[in-house]
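Position chain B relative to chain A; hints supplied.
Chains as they are written, first to last, in the working numbering: chain A, 1 to 351; chain B, 1 to 295.
Honestly, the hints are just simulated from the structure, not real lab data. Given the structure is predicted, the values throughout are model-derived calculations rather than measurements. C-beta atoms are modelled at their ideal positions from N, C-alpha and C, and glycine is treated no differently. Only true hints are included.
With the Cβ distance kept under 7 Å, some of the chain B side facing chain A (calculated, not the full set): (1) GLU189; (2) ILE193; (3) ASP194; (4) PRO208.
So you can see what is in the structure, the chains are spelled out below.
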Amino acid sequence: MANLSLHKLTKSYGKVEVLHGIDLDIKDGEFVVFVGPSGCGKSTSLRMIAGLEDITAGEIRIGDRVVNNLEPKDRDIAMVFQNYAIYPHMTVRKNIAFGLWTSSLSKAEKAKRIEDVARILDMTDLLERKPSQLSGGQRQRVAIGRAMVRQPAVFLFDEPLSNLDAQLRTQMRLEIKKLHQQVGNTIIFVTHDQVEAMTLADRIVIMKDGHIQQVGTPEEVFYSPANTFVAQFIGAPSMNMINITGGGEEIRLKSGGSINPGKTTQDGREMLLGVRPDDLTIETDNPIVTGKVVVREPLGSETLIYVNGPDGEIVAKVPGKSGVLVGDDVKLGAAPETLHFFDTETGAALL
Amino acid sequence: MSLATNPGQLPRASVNAVFATQTKKPANMGQILRWMVLFLGGILMIAPIVYMISTSLKWPHEVYNVNLIPEEPTIENYTYVLEDGRFYLWFVNSIIIALITTVSNLFFDSLVGYTLCKFRFPGRYIVFIAILSTLMIPTEMLVIPWYTMSQAFGWLDSYWGIMFPGLMTAFGTFLMKQFFESVPNDFLEAARIDGLNEFQIWWKIAMPLVKPALAALAIFVFLGNWTAFLWPLIVTNSVEMYTVPVGLSGFGDEVDVAWELIMTGAAISTIPTLIVFLIFQRFIIRGVVMAGLKG
Numbered sequence: 001m002a003n004l005s006l007h008k009l010t011k012s013y014g015k016v017e018v019l020h021g022i023d024l025d026i027k028d029g030e031f032v033v034f035v036g037p038s039g040c041g042k043s044t045s046l047r048m049i050a051g052l053e054d055i056t057a058g059e060i061r062i063g064d065r066v067v068n069n070l071e072p073k074d075r076d077i078a079m080v081f082q083n084y085a086i087y088p089h090m091t092v093r094k095n096i097a098f099g100l101w102t103s104s105l106s107k108a109e110k111a112k113r114i115e116d117v118a119r120i121l122d123m124t125d126l127l128e129r130k131p132s133q134l135s136g137g138q139r140q141r142v143a144i145g146r147a148m149v150r151q152p153a154v155f156l157f158d159e160p161l162s163n164l165d166a167q168l169r170t171q172m173r174l175e176i177k178k179l180h181q182q183v184g185n186t187i188i189f190v191t192h193d194q195v196e197a198m199t200l201a202d203r204i205v206i207m208k209d210g211h212i213q214q215v216g217t218p219e220e221v222f223y224s225p226a227n228t229f230v231a232q233f234i235g236a237p238s239m240n241m242i243n244i245t246g247g248g249e250e251i252r253l254k255s256g257g258s259i260n261p262g263k264t265t266q267d268g269r270e271m272l273l274g275v276r277p278d279d280l281t282i283e284t285d286n287p288i289v290t291g292k293v294v295v296r297e298p299l300g301s302e303t304l305i306y307v308n309g310p311d312g313e314i315v316a317k318v319p320g321k322s323g324v325l326v327g328d329d330v331k332l333g334a335a336p337e338t339l340h341f342f343d344t345e346t347g348a349a350l351l
Numbered sequence: 001m002s003l004a005t006n007p008g009q010l011p012r013a014s015v016n017a018v019f020a021t022q023t024k025k026p027a028n029m030g031q032i033l034r035w036m037v038l039f040l041g042g043i044l045m046i047a048p049i050v051y052m053i054s055t056s057l058k059w060p061h062e063v064y065n066v067n068l069i070p071e072e073p074t075i076e077n078y079t080y081v082l083e084d085g086r087f088y089l090w091f092v093n094s095i096i097i098a099l100i101t102t103v104s105n106l107f108f109d110s111l112v113g114y115t116l117c118k119f120r121f122p123g124r125y126i127v128f129i130a131i132l133s134t135l136m137i138p139t140e141m142l143v144i145p146w147y148t149m150s151q152a153f154g155w156l157d158s159y160w161g162i163m164f165p166g167l168m169t170a171f172g173t174f175l176m177k178q179f180f181e182s183v184p185n186d187f188l189e190a191a192r193i194d195g196l197n198e199f200q201i202w203w204k205i206a207m208p209l210v211k212p213a214l215a216a217l218a219i220f221v222f223l224g225n226w227t228a229f230l231w232p233l234i235v236t237n238s239v240e241m242y243t244v245p246v247g248l249s250g251f252g253d254e255v256d257v258a259w260e261l262i263m264t265g266a267a268i269s270t271i272p273t274l275i276v277f278l279i280f281q282r283f284i285i286r287g288v289v290m291a292g293l294k295g
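Pulled out of the complex, with its shape left as it was, chain A reads as follows:
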């Protein structure tokens, strides 16, 4: 087990730079999730750590070794792929045994390790089966087993759950988290699913267009997003963004209400007010948003309402029994401490 650090990690394909100098330190035993939309460079970063892609510039350290020029097998890593990549012509036992290809263990020790891994992953009965006889979840477990048996310093997961159906995904997510608590290895996990990122991570790395947008615990990125991208990427439904204009200590809103940003704002300066749907409540005293309900999506305990008003379409999550109907005029407010302010130009968080 070991720390892992990326220093000014850069990747170019020809003249196109896709990763623009990533800096990141990952502590021993940490579960780090890279998340971002497709093409953000998260998988590329992972593959560079694995040694499957060349490094254009920068440095990767695992433990105290610079691994830039090491073969994947010499980096003390193991990887789980999106489509499992377990060898279809071999039994589960042989598949897992391939993880020990380079190991110098004796035959008996190898067999014992395989048995141990099978027991932890609860697939002792499946060892003699071929992959074609396994379900998607079982295949993914074999892939994880092949990685585990190496006892690597760092586990790399490349969107391992995206091929599974929703129910299985939730289940495997839980299993991976339990596994991490049990074995305690450093894990780097790539996904485009923010729910997966939030639920699994010790720390989340949010990426976009080859840049890191923010690194932080799930709570940090949710409650203190660094910019509008993070604010809208994390949390579902996305954070609402409302155009406002600064005006001293109190800002008047189109809804007729007013808010106090907690700091003097430049008069006439364009800003974005961010408010999460969950933080909006129906209230008439000092509304932030007003408008007519155009769509209603009941989710059971909660209902999403889409409100069309002077600020455009705003989503709010209201209690399932609130009785709001399509066509109703509503006024929505939010506690001052739940509001976020962003620079219109740069998108960076203000205050």
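The following block gives chain B in isolation, referenced to the frame of chain A:
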């Protein structure tokens, strides 16, 4: 194609059989037409084989009569061919040459095909085009340079001389390259992380995944070399080095061709090809289906 469509239609046919007992509805026209075409095709395929076997059972004087059932069937020709020691020699020569060529093609064609498919290196495309373009050169044009080469290197009248032009083929390389396209890179990367070297990845991971293609290639190459005539005829001089087709063509004397003996030898020499085909046909049919799916 017929192999692929027939199983799909089987359930419908049987459903018809169950529900049509009372009305006796005739099979639809398309079906009848298809069967007729298949039947004609089948006849065309089987006719030469039937004629070959029929001729092999005739006495010399009856050979030029076009009747399928010999008037006085005889196995005299078989006794003659099998008792003639030369036939054994040719048979063994053919077996050795076809087997070695097949193994060599399976190994080298897939090695080169894999490399062209899975590795990015400068000039890769040019190499591929160069290999492909050799497909356009007819054998008839090549035999003269081959012969000159063989003469220069002292390969005339030897196994090596017969085999060397076919130890690797452009067609096989192309076929294998296309099939390796269907092997996901994730398998290879997983193996790379597991610590296999590039040769082991090819041999242990990629090759087992293209078994159908290997089976198809094995059949093509084996048949091609087993029936090869022109080059073995040119490169061999001594009767002991002849292959079966070359040897058979020499049956008879200057004025007369002993067709009944040639046909007997031909009939015997179809046996190994039948065996090869029976072993690999399961794979080849699957291979064709797979090739269809992958586009």
